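With the sequences and hints as input, model every part of the structure.
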Amino acid sequence: MALKATIFKVTLNIADMDRHYYADHQMTLARHPSENDERMMVRLLAFALNASERLEFTRGLSSSDEPDLWQKSLSDEIELWIELGLPDESRLRKAGSRSKQVKLYTYGGRSVSLWWEKNQAKLARFRNLSCVNFDPEATEQLAGLAQRAMNFQVTIQDGEVTFSNEHGLVALMPRTIGA
891 MALKATIFKV
901 TLNIADMDRH
911 YYADHQMTLA
921 RHPSENDERM
931 MVRLLAFALN
941 ASERLEFTRG
951 LSSSDEPDLW
961 QKSLSDEIEL
971 WIELGLPDES
981 RLRKAGSRSK
991 QVKLYTYGGR
1001 SVSLWWEKNQ
1011 AKLARFRNLS
1021 CVNFDPEATE
1031 QLAGLAQRAM
1041 NFQVTIQDGE
1051 VTFSNEHGLV
1061 ALMPRTIGA
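Each residue of the sequence shown is one higher than the one before, counting from 891 in the numbering used here.
These aren't lab readings, by the way, just hints derived from the structure by calculation. Warning: the hint list may mix true and false statements.
As a list, the in silico DSSO-like pairs of lysine-lysine whose alpha-carbon atoms are at most 27 Å apart [as the list claims (entries may be wrong)]: (1) LYS984 x LYS962; (2) LYS990 x LYS1012; (3) LYS962 x LYS899; (4) LYS962 x LYS1008; (5) LYS984 x LYS1008; (6) LYS1008 x LYS990; (7) LYS990 x LYS962.
These numbers were taken from a predicted model, which means no experiment stands behind them.
Below, the structure is given as structure tokens:
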């Protein structure tokens, strides 16, 4: 019998002063059986950093043809493709050919720098790709806030992201890699 996804109810109250975006997002988030809390919370973080009316979670780990998040135009063209982790260069190449913009969010400490050293030359030619890394201690703290029902106030100002709720506060500073 296959394991089922775990369902989370999430409310994000986003105040993104860098993009002048202020909105509340209520969503149901499915955590794949192979996904841990840290990865799921990094998905929420990626959503908050790119929040818009049309940004949505996809089947993610359940599908090799879809990213973790995407934003489509009204004519169903992929405007933004968001990947997490340390994907194959071929996956990012495919994403770049299907989307106007590709964003990769990495996390996990030393493995990120090893992955980057191996793939840097190949990825440098992708003009519509941006890569951002998160500090592993901060993403672990964020994972510690995971619960089946979550309500976060997310503030983004001067590049710093703050996730807070009644259980704690985590501040993250996304760092561009390869720039």
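Now for the hints, and whether the structure bears them out:
1. For the hint pairing LYS984 with LYS962, the CA-to-CA distance comes to about 16 Å; that is within 27 Å, so the pair holds.
2. With a C-alpha separation of about 19 Å, the suggested pairing of LYS990 with LYS1012 holds against the 27 Å cut-off.
3. Of the pairs offered as hints, the one joining LYS962 and LYS899 holds, with about 23 Å between alpha carbons and a cut-off of 27 Å not exceeded.
4. Restraint check for LYS962 and LYS1008: the C-alpha separation of about 31 Å exceeds 27 Å, so the hint is violated.
5. Between LYS984 and LYS1008 the alpha-carbon distance is near 18 Å, which keeps this suggested pair within the 27 Å criterion.
6. Distance restraint check for LYS1008 and LYS990: the Cα-Cα separation of roughly 25 Å lies within the 27 Å cut-off, and the hinted pair is therefore satisfied.
7. Restraint check for LYS990 and LYS962: satisfied, since their Cα atoms lie roughly 10 Å apart, inside the 27 Å limit.
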